[in-house]
Structures are given as C-alpha cells and as structure tokens.
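Student: From first to last, the protein sequence lines stand for chains A, B, C and D. According to the numbering used here, the first sequence holds residues 154 to 297 in order. According to the numbering used here, the second sequence holds residues 154 to 297 in order. According to the numbering used here, the third sequence holds residues 154 to 297 in order. According to the numbering used here, the fourth sequence holds residues 154 to 297 in order.
Think of the hints as simulated: they come from the structure by calculation, not from any bench. A couple of the hints might just be wrong.
Same chains, same names: a pair is fine if it fits in one copy or spans any two.
[Unchecked claim] Here are the simulated lysine-lysine pairs, BS3-like style, with alpha carbons at most 30 angstroms apart:
id, residue 1, residue 2
1, Lys261, Lys172
2, Lys260, Lys274
3, Lys276, Lys155
4, Lys186, Lys260
5, Lys274, Lys261
6, Lys186, Lys254
7, Lys276, Lys289
8, Lys162, Lys172
9, Lys276, Lys186
10, Lys261, Lys157
11, Lys155, Lys260
12, Lys289, Lys229
13, Lys165, Lys274
14, Lys157, Lys172
15, Lys254, Lys155
16, Lys155, Lys172
17, Lys254, Lys274
18, Lys186, Lys155
19, Lys261, Lys162
20, Lys172, Lys229
4 protein chains.
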Amino acid sequence: MKRKELAIKIFKEMYENDKMSQWLGIEALKISKGRAVLQMMVRNEMLNGMDIAHGGITYSFADSALAFASNSHGRKAVSVETSISHIMPVREGDVLTATTKEERITKKIGIYTIYITNQDKEKVALFKGTVYRSSKFWFPEEEA
Amino acid sequence: MKRKELAIKIFKEMYENDKMSQWLGIEALKISKGRAVLQMMVRNEMLNGMDIAHGGITYSFADSALAFASNSHGRKAVSVETSISHIMPVREGDVLTATTKEERITKKIGIYTIYITNQDKEKVALFKGTVYRSSKFWFPEEEA
Amino acid sequence: MKRKELAIKIFKEMYENDKMSQWLGIEALKISKGRAVLQMMVRNEMLNGMDIAHGGITYSFADSALAFASNSHGRKAVSVETSISHIMPVREGDVLTATTKEERITKKIGIYTIYITNQDKEKVALFKGTVYRSSKFWFPEEEA
Amino acid sequence: MKRKELAIKIFKEMYENDKMSQWLGIEALKISKGRAVLQMMVRNEMLNGMDIAHGGITYSFADSALAFASNSHGRKAVSVETSISHIMPVREGDVLTATTKEERITKKIGIYTIYITNQDKEKVALFKGTVYRSSKFWFPEEEA
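Construct all of the structure, not just a fragment, from the sequences and the given hints.
Tutor: Here it is as structure tokens:
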C-alpha cells in the first residue's frame with residue numbers, strides 16, 4: 154500500500170470512531186502523509202455567551218487536524234502540548250478550513266502549525282502542537 | 154451590589170447564552186471575583202478515535218473557566234492566547250473539575266492558570282491563558 | 154517621515170539601548186513597518202551543558218525580533234505571552250536568521266510568528282508571541 | 154548512591170559545562186530528584202531598549218531550571234516546547250528565584266511549571282515546559 158493510501162486508511166479508521174470530530178461536522182478536503190486539510194461549519198450550539206464561536210471550537214477543530222496529520226505516518230501519536238491564538242471572532246454559519254504544516258518530525262516527536270481560516274480566507278486562529286509518537290502502529294501489517 | 158454578587162450575576166448572564174458550555178454540561182461550584190471552580194462529566198459523544206476524551210473537551214472546559222473568571226471583575230474580557238498540556242488520558246464517565254488561578258491582572262491584560270483534575274484528584278490537564286480586558290462592562294450601572 | 158523610515162528610526166533608538174541584543178550580536182538585515190529580519194552568530198559562551206546552544210539563546214533572539222517588529226508601527230509594545238518550539242539543535246558557529254510574520258494587529262494586541270533558521274536554511278526554532286500595544290509612542294511628533 | 158545525591162552530581166556535571174547558566178550567574182539553592190530552586194541577579198548588560206530585563210533573561214533562567222529539574226532523574230532530557238508569560242517588569246539589581254514544579258513525568262515526557270519571583274516575592278514570570286526524556290543516562294553506572 155502506498156503512503157498516501159495508508160494515510161487515508163488511517164484517517165477513516167480514526168474518524169469512524171471519533172465522535173467529537175463527527176459532532177463538529179468535520180470533513181476531510183485532503184489527507185496525505187503528514188498533512189490534513191479539513192473543513193467544518195460553525196453551528197448555533199457552538200457559540201459562547203458573547204454570541205461568537207466558543208474558543209473550544211476552533212481549538213477542537215485544530216486539535217483534530219493535528220491528530221489526523223500526525224497519525225498519518227502510521228505510528229500512533231498523541232498530543233502533548235498545544236497552544237492557540239484567537240485572531241478574529243468566528244460567527245455562526247462561518248465555514249472554517251484547517252490546514253496543517255509539519256514543522257518537524259523525529260522518531261518520537263512531531264511539531265505542527267495549523268492555520269484556521271474562514272470563508273473569506275481570513276485567518277481566525279493560529280495553532281501550534283507537539284505530539285509524542287508512540288511505538289504502536291495503526292496497521293502493523295502495512296509497516297513491513 | 155457586592156463584588157461577589159456581581160461576579161455571580163455576570164456568570165449567570167454569560168452562562169445563559171453560552172450554548173457550548175451548556176453542551177459540555179458545565180456546573181459552577183464556586184464563582185467569585187477573579188475566580189471560578191467548575192465541574193462537568195465526560196460523555197460518550199466527547200471521545201476521539203482513540204476512545205479517550207478529545208483534547209478539545211478539556212480545552213473547552215478550561216477556556217470556559219477562563220472566560221468566567223476573567224469576566225467576573227465586571228469588564229468584558231476576551232481570550233487572546235492560550236495553551237494546554239494534556240497530562241493524563243480522560244475517559245468516559247470521568248467527572249472533571251476546573252480550578253482557576255489569577256496570576257496577574259492589569260487594566261488591560263489578565264493571565265490565568267487553570268488545573269483540570271478528575272474524580273481521583275489526579276491532574277489531567279494544565280492550561281494557561283491570557284485575556285484582553287476591553288473597556289466595555291457587563292453591567293455599567295454597577296460600576297459607579 | 155515615511156513609515157519605513159520611522160520603523161528604522163525606532164529600531165535604532167531601541168537597539169542603541171538594548172544591551173542584551175548587543176550581547177547577542179544581533180544585526181538587522183531588514184526592518185520595515187511590522188517586520189524584522191535579523192541575524193546573529195552563536196558563540197561558545199552561549200552553549201549549555203550539552204554543548205549545544207542554550208534554549209535561551211534562540212528564545213532571546215526571537216524575542217528581540219518580536220520587540221523590533223511589534224514596535225515598528227510607532228506605538229510602544231510589550232511582550233505578554235510567548236512560546237517557542239525547539240526544533241533542531243543549534244551549535245557553536247551557527248549563523249541564525251530570525252524572520253517575523255505579523256499574523257494579526259489590532260489597536261491593543263499584536264500576534265507574531267517567528268521562524269529561526271540556520272546557515273543551511275534549516276528551521277531550528279518556531280516562536281509565537283503576543284504583545285500588548287500601549288498608548289505611548291516612540292516619537293509622538295511623527296504621529297500627527 | 155541515593156537519588157538526591159545523584160541529582161546533585163548531575164547538576165554539577167551540567168552546570169560545569171553550561172556557559173550560558175554561568176553567564177547568567179545562576180546559583181542553586183536546592184536540587185533534588187525532579188526539582189530545582191535557583192537564584193540569579195539581573196545585571197545591566199541584561200537590559201533591553203526599554204531599560205527593563207530582556208524577556209530572554211527570565212526565559213533563559215527558567216529554561217535552565219527546566220533542564221536541571223528534568224535531568225535530575227538520571228535520564229538525559231531535552232526541552233521540546235516551552236512558553237512564558239511575562240507578568241511584571243524586571244529591573245537591574247533584582248534578585249530572581251526560579252522554583253520548578255514537576256506536573257507530570259512518564260518514561261518519555263516530562264511537564265513542568267516554573268514560577269520566577271523577585272526579592273519582594275512578587276511573581277514576575279510564569280513558565281511551562283515539556284521535555285523529551287531520551288534513553289541515555291548521565292551516569293549509566295548509577296542506574297543499576
């Protein structure tokens with residue numbers, strides 16, 4: 154199996170069991186080795202007491218993107234430390250895109266930046282995440 | 154109105170319109186000037202593809218605590234930059250507590266750390282957040 | 154005075170009094186409104202107990218770049234919250250370049266990402282910083 | 154050799170070769186397994202263009218504390234991701250204390266918070282750091 158096909162196979166396996174990403178309504182635009190581009194729409198139930206999207210929505214969206222990108226290499230990876238800057242308010246009906254960038258990957262650690270943009274291509278949030286790459290594989294039979 | 158009563162009044166006003174905090178099932182254990190202690194239970198729909206709570210759940214919980222604590226002074230405050238370390242896996246049925254600590258507050262900026270613990274008093278996440286304090290008040294009539 | 158000339162004038166004023174940036178041996182490659190590109194060389198006295206550059210060196214270099222970029226608009230700005238990911242070891246003799254990117258600027262807040270690269274164009278560190286923009290100006294007479 | 158003695162032995166070995174910590178003038182007040190309390194004084198050459206300590210000084214001080222605390226277990230550890238909030242200005246002549254807290258340690262990852270206070274016991278900075286713990290030991294012969 155080619156690396157891109159494996160990345161997609163892992164994404165499907167993860168997404169199928171990822172109830173939170175399903176609740177967010179995440180759709181994959183692109184999945185490949187080390188990379189994910191995702192989309193979602195902000196619904197009314199995602200707003201906070203100031204009538205803008207709760208900070209947890211853009212964070213959750215970025216954290217899903219981190220998980221999909223960092224696991225796409227085959228090795229199971231878990232988020233260790235993450236940060237997010239909320240750049241612009243996000244509103245109901247906004248269609249958000251998360252685009253990952255793999256800054257660095259070693260055997261044990263991966264570092265990613267993720268930009269979230271809205272339908273007008275404005276940056277609404279900037280996320281940085283570090284994952285720990287375990288010694289377990291999603292599909293050991295594919296790693297020969 | 155005393156400052157503690159005002160803090161509670163602001164919390165109620167915010168929470169009533171905060172659909173995301175309602176979805177999380179957040180309950181306030183303590184609200185006072187500069188401080189919030191909150192509780193929530195992790196439900197099945199909050200899990201990710203590894204069958205543990207999605208990182209966005211503990212983040213959202215902490216971010217709500219940040220909002221309630223930092224707005225409790227009367228001035229409207231918005232999150233600018235936040236980070237979270239995921240310390241231990243969180244599972245379905247876990248009852249989480251978020252406890253805020255106001256590290257520093259100036260006229261314009263507030264800095265908070267927030268620990269999230271589980272029912273066994275184990276730390277599961279550590280959050281740090283910076284807010285910008287605007288010149289708008291929740292209840293201008295109370296600020297005389 | 155044009156904005157670019159003002160940015161350079163502010164940089165000179167800051168750098169002249171910035172003993173730490175002088176100790177680091179920072180040189181400006183480009184300074185303009187909202188942007189700074191800087192260079193420095195890693196000296197023996199900057200190493201830690203593992204014979205690589207102390208994490209404080211790349212941080213200090215990035216923090217200087219943040220200060221120069223965020224103050225270049227005319228308004229005095231101070232760093233509030235910053236984070237850095239150490240991506241690759243840095244060694245004695247390495248020539249580092251810091252390149253700033255202004256992600257967002259409002260009247261009161263600025264958010265910047267800064268990449269540090271070495272002489273082989275490898276990313277060695279990734280920095281994110283938030284500044285608070287005060288109501289004081291470097292040269293009030295230029296702001297008419 | 155007891156764990157505390159080993160922690161001190163590792164600190165001495167690290168400090169002896171750590172030119173940056175020496176330049177900062179760091180002194181150890183307490184070193185034990187998983188913990189370091191350090192002190193330093195801010196000198197004129199550590200100031201920035203606003204006549205306060207450069208943000209890189211408190212960062213470097215905290216990063217040294219992170220290194221000493223996280224390496225004290227015997228295993229060589231390197232900083233991966235760190236953040237610092239600058240809470241109060243630091244001035245020439247200030248005597249700073251860094252106190253580490255080990256939030257979490259697994260075989261591969263350690264998470265620490267570090268408070269920096271001044272001579273008046275005021276918090277001036279709050280640091281959070283994640284290290285990767287390698288499979289190399291400082292003194293393999295002590296690990297039997």
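Student: In ascending order, which of the hints set out earlier in this document are inconsistent with the structure?
Tutor: none
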